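Line order of the protein sequences matches chains A and B.
The first sequence begins at 1 in our numbering and counts up one residue at a time.
The second sequence begins at 1 in our numbering and counts up one residue at a time.
Keep in mind that the hints are not guaranteed to be accurate.
In silico BS3-like cross-links for lysine-lysine, where the CA-CA straight-line distance does not exceed 25 Å [stated by the list, open to error]:
1. LYS49/A with LYS23/A
2. LYS23/A with LYS170/B
3. LYS170/B with LYS49/A
4. LYS170/B with LYS63/A
Simulated from the structure, these hints should not be mistaken for laboratory data.
Since the structure is predicted, the reported quantities are computational estimates derived from the model, not experimental observations.
Letter by letter, the chains look like this.
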Amino acid sequence: MLIMVNMQIETVLGNKLRIKILKILSKIRELNVTEIARRLGANHKTTMKHLKILENEGILQHKRFGRIRLYRFNENSVKAKAIQTLLETWENAENIR
Amino acid sequence: MVPAYRSVFKDEAKLDITYVPSRLPHREAEMRLLREFFSFMLSTPEKMAQRVLIVGDVGTGKTALSQRFGADIVQQAKQQGLNLHYIHVNCRQYRGSLFFILHHAVSVFHPNFPKRGFSAEELLNIFLQILDEQNAHVILTLDEFENLIEKEGSEPVYKLTRLQETRLNKPQRISLICILKNVKAVESLDPSTRSTLQSNIIRLEKYSKEQLVDIISDRVQLAFKPLAVSEDTISLIAELAHSEGGNARFAIELLWRAGKYADAEDLGAVTPECVRKAVSSIYAITRKSDLASLSLHEKLFLLGMARFFKENDRAYASITEVEQAYAVVCEEFGVEPHTHTQLWKYLQVLSALGIIEKSVSSTGQRGRTTLICLPGIPAHELERELAMLLEKESG
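All chains should be built: construct the whole structure from the sequences, respecting the hints.
The structure is reproduced here in structure tokens:
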């Protein structure tokens, strides 16, 4: 069952798959659920569960086109911006090393 | 010390097939017409959707005209705060499939939109949904439109044009420009689809030699260093492109290749011989069997011409000049030269075979004189080939 109240940062970011989702969307910008699941190596149900948690926290948002749901970072969320900055900074630092 | 590399080019990218110049010489009237057809886009884009056919042969500027128009109108719309997009799709590149074409259009707004899971019709609805949400309008150009008709028939065009009409009280979102070589392709569509397309047709005529000279001169200015390409070279390229059906694309490709030959030989300028080399690399106009079938004096006459062009860095020779060169060749081979009237007949034969091209000069000379040009083969190659054949005959 989904926890609908705001979660602590350690809970939200304390999951490998959620971090992976954030990394994917930070690079690709926008992606549908099936493709996110494929890149995660997870099934559709698990992927959806994590996407909903991230959306509930206001970090992600989605747009629906018929059966297709495209997920991306929430443009109006301060949390989303902070996570994107963290991921980009991390990536750049890794590249320099 | 390695000598400094000197190129004839200033900006080679200006000769790329994808480059669209800011000015399209000799297409001003067609551009005005296109702007007129779409003028509503800058005032009341939601009120109507336009469909225009651009028809013309290869290299008549169809794609360039449409892309230049697209870039200009989008910029104008932006200045007026309108959300207008110009999307240019080559139907052949997308295998004539409406689904792939629409997927490309959707990708402009959502670059990673999935490629599976829906039909072309669903994708069209999604496209309209995106445009509604963003209050955007699109001019969708379907280049090489024949491919779409061939693959999918009337259905896709009908969907593209009629689906919007069924959206009652909703703004119009998609206008179409269909580019094709021959309007006959549209005749295979069903009558109702045809009627939505055939009302606005812009026909692009083949470029004349003079028009090609202007087009090439424009590109020379953009792509080459000053004085790197002479008027003679430009005229030769124009002549060749004119004989290729007034094909400006061919002219520009030839110009680029000739520049490459000039650079390869470190000439510092693009000579007519570079053009001849370039054209022979594109296709061999002069077949060896054609040369072998010529009579002895036709061969000698042609050898004289080849030597003239090899020694004089010019694109054209007068009939007097090639007659003189022929007389020297005859002396070398110990045969009596034929008369002027006879040579005139040889000229017709060589011209009919496409080995030479002749035109009548009307400017810069006293009276009128026949000018001869060697379009399809480098002079030195022609000389070598003829010398070999003549040696075989005498031996």
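(request) Of all the hints given earlier, name the ones this structure violates by number, lowest first. (result) Violated hints: 2 and 3; rest satisfied.
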